[in-house]
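*Asks:* Protein chains in written order, with our numbering: chain X, 1 to 426; chain D, 1001 to 1426.
Treat the hints with caution; some may be incorrect.
Below, in silico cross-link-like pairs of lysine-lysine (PhoX-like), each with a Cα-Cα straight-line distance of 20 Å or less [to be verified]: (1) X:300 x X:280; (2) X:300 x X:246; (3) X:86 x D:1273; (4) D:1300 x D:1310; (5) X:61 x X:300; (6) X:61 x D:1280; (7) X:98 x D:1061; (8) D:1246 x D:1273; (9) X:376 x X:300.
Note that these hints are calculated values from the structure, not bench results.
There are 2 protein chains.
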Amino acid sequence: MAAQTVASTTNSVDLGPAAALSCRECGHRVPLGPVFACEECFGPLEIAYDYSAYETEELRKRIEAGPANIWRYAPLLPVPADVADKPNINPGWTPLVKADNLARELGVTGGLYIKDDSGNPTHSFKDRVVAQALEAARAFGFTTLSCSSTGNLAGAVGAAAARAGFRSCVFIPHDLEQGKVVMAAIYGGELVGIEGNYDDVNRFCSELIGDPAGEGWGFVNVNLRPYYAEGSKTLAYEICEQLGWKLPDQLVVPIASGSQLTKIDKGLQELIKLGLVEDKPYKIFGAQAEGCSPVSVAYKAGHDVVRPQKPNTIAKSLAIGNPADGPYVLDIARRTGGAVEDVNDEQVVEAIKLLARTEGIFAETAGGVTVGVAKKLIESGLLDPSLTTVVLNTGDGLKTLDAVAGTGLTATIRPNLDSFREAGLA
Amino acid sequence: MAAQTVASTTNSVDLGPAAALSCRECGHRVPLGPVFACEECFGPLEIAYDYSAYETEELRKRIEAGPANIWRYAPLLPVPADVADKPNINPGWTPLVKADNLARELGVTGGLYIKDDSGNPTHSFKDRVVAQALEAARAFGFTTLSCSSTGNLAGAVGAAAARAGFRSCVFIPHDLEQGKVVMAAIYGGELVGIEGNYDDVNRFCSELIGDPAGEGWGFVNVNLRPYYAEGSKTLAYEICEQLGWKLPDQLVVPIASGSQLTKIDKGLQELIKLGLVEDKPYKIFGAQAEGCSPVSVAYKAGHDVVRPQKPNTIAKSLAIGNPADGPYVLDIARRTGGAVEDVNDEQVVEAIKLLARTEGIFAETAGGVTVGVAKKLIESGLLDPSLTTVVLNTGDGLKTLDAVAGTGLTATIRPNLDSFREAGLA
C-alpha cells in the first residue's frame, strides 16, 4: 500500500470532483488510489474535492433534476459524472418521515423526523457506502469486491457486485446464524466462513490485501475505505434537501466505527460552504448501545481517546469495540454542542417498539439505539425538544427479528362474535 | 351493505377524481361508500372516475413535479387532492431496474426490467393498496383499520394504521409462524389469533362486518376493497413514467386474487386514454405457482371459469385457491395476446437465486414465481425476447427466508493464506 501503487493506478482515474487523497491528521496529499493510510503519519486518508467550479443555484438545480437516488449528488461525490448510467444498486433518497406521533410521545415540539434508511436495496445504509466503493473499484480496475462482515455489509457487497458484474468474495465467521448466512449467500458470490471470530476474519483480510493473492481485490471497507466512507455524506445531503435545503438543528446518529457520524458532519459543512444551506449552528449527538459504548464512556469522562471494549449487545451492527473514528466523533459532538449517550438492550427493544407503534417504522436494533438515545437525551435535557431534530434509522427490523421475538398475539379467540366480544375487542 | 348505508356516508366524501362506484358486471352505479358488491347483480364494484378536466401536458407536469411516492398520481386515484399532507406510509416510486445481466442469461434483447416493490415501507406491494384503503377509511370516518392476513398484508395494515393514528385489528390464524407474528405484532395494534384456518378467519371477518360490533371498522380488502384495489394501478403508472412515458411491450405479473393484474391493465388503459402514453398493443402475462395454479390451469384448458384449488406451494403470498378476479385475468391475458403460466416450487427457488445472482435483488417467493414464469415463457416462445419486458417483484426475500434456507457458505477456511489458496479462492 505504498506510494508506488498509487502512482501506477491513478493516471486514468476519473472520479469526478475527487482531486486527491488527503490525510485527516497531517494534511499530506497523495493521488487518488486504493490506499487508506497516510504514508507519512499513518493517519486516515480521506477524499479532497475540487468544488470550485460550482455556482450555487446551478448546482441546486442540477441536483434537483437528478435521479431519486444518491447519484443526484454525483457532483459532490468521488464518482464519474455518468455514474447513474453504470450498473450499481442506486441506493438513497430514502424517506425523511415527519414523526408527529413520536414527537408527541417524546414531547418534541420543534419538528421530529426519522431518516429511514431501511428502504435501501438491501435495507440498510450500507448500500450507500458500498455503492461508492463499487465505483472506486471500477475506476481502479478491480474485478473482485470483498469485505469482512457479520451482517448488513455482506448483503450490500453481494448485491452490488452481482448487479455490476463483479466477482464478490465475502468473509464471515464460520458460525454465523443461518439467517444471516442466507441473506449474504443468496447473491451467489463466494461466501467464505473463517474458522475464528470476527477479529480473526479482519486479520486475515488485512493479510490478504498485502499478498499477491489479493491483487485486483477491492475490500470496500479497507483499501477502498476513503471512497466507501464518503457514501455517508449523502445522508446529510438528503436530510437537508428533504427539509427544503435547510440544516436541522439537531441530529441523532448511531456510532459503530464512528465514520458515518464524521461524514455526516463533513456533508453538512460542504453544503454550508457551497451555499446550498444557510450557515447556522447544528448539534450532532452520537448514539451507542450500553454493551458497546466506548465513545459514550469517553465522552462522559471528558476523555479525548477511546478505550476499547469487548462488545456485548443485541445491537450487533453497532458492536465495534474499538471504533477507528471515535476521537473524531468526540471532537464533533463537543464542537457542535451535541453529546454522546448510550442505552441498554432493554431500552433498545422498547425504542424499536415505540417507533413501530407510533410511526409504523420497523427498525433494526441500531434504530432502537438512536430512538432510545433521543428519548434519553430529551429526558436529561441535553436534546432541546423545541428544535428541529432528525433521528437516523440505518437498518431494517426484519434483519434483527430475534431482538423482538417476544412480541406476539394480543388475543386468541374462536371464530365467532361471542368469543370476539368476550375478549373485549368490540 | 345496502344502498341506504351508501346514501348516509357519501355526502361529504372527497376522494378526488373518484365519481362513483360502478359494477364491473352490469355497470350499475352507486355513490362512493364502504361497499364492495353490486346490489343488483352481486358483481364487484370498482371506482369510476371523472378525468374530463385534465389536459394531457398539464397533467404530466403535475405528476412529474409530485412527490417520489404514489401520491404523485393523486389526480388519478380515489384520494383527496391534499393526500400527500396527511399521515400515511407513502409507498411507491420503487426502482424499475434495467436487468441487463438477467436479460443476457434469458436471451432477452429488447430490454428487460424488474419493477422491484421490495423497497416499499413494509417491503411489499401491499403498502400501495393499504395506503389507498387508509384514505378511504379516513374519508368514511372509520377509526379502526382491519384485515385478515397470513403475511404481508398484516404488516402493511399495522404500519399504516400506526402512522395515521388509527386503531388496527388484524386477524390471523392462531398457529402462524413466529417470525410472521412478530412482523405483524411489532406495530402495536391488536393482533388476534383465530382458532382455525385462513378460511375460518375470513368467514369470521365477514360476520364481523355485518355486525354492529364491526361498526367504524374498515376492512381494507373487504368493505374498502374497491379503493384498496386501485393502489395496484400505481404500478402501471410508475412503470410507464419510469420508461419515459412509454408502454412496455410485455409485462409479467403475479396472480393471487388476480386483482393486481386487472388493475395494472386498468392503469395502462387510463394512461392511453389520457394521452400520457401512445396507444399501442401490450401483452400481459400472469404468473402462478404450480401448487396454486387455478388460473393457469383454466387458461391452458381454454376455460372462462376458474376451478378452485387447495393451495400447496412455498409461494404463500400467492396462495389463493379461489381467485376472485380469475375470470378477468383470463380475459385480459387472452385479449392482450399474453398468457398464464406456472412454475413449480423448485423453479421458484431457482428463479429467486437467478435474480439475486444476476441483479442483486433478493425477491420473495412471489418474485421467484414471476421470474421463473418469464424464463419458462421465453423458452416456450410465448414471450418475445426482442420486446421490452417488465417483470414484477412484489415482495422481499427477507420475508421468505425459509424458501432458500439451503443457501450457504461456498467454502470454510482457516484464517490464513495457505488455507485460502487450498480452497481455490485465489
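*Asks:* Broken hints, numbered, in rising order?
*Replies:* 1, 2, 3, 5, 6, 7
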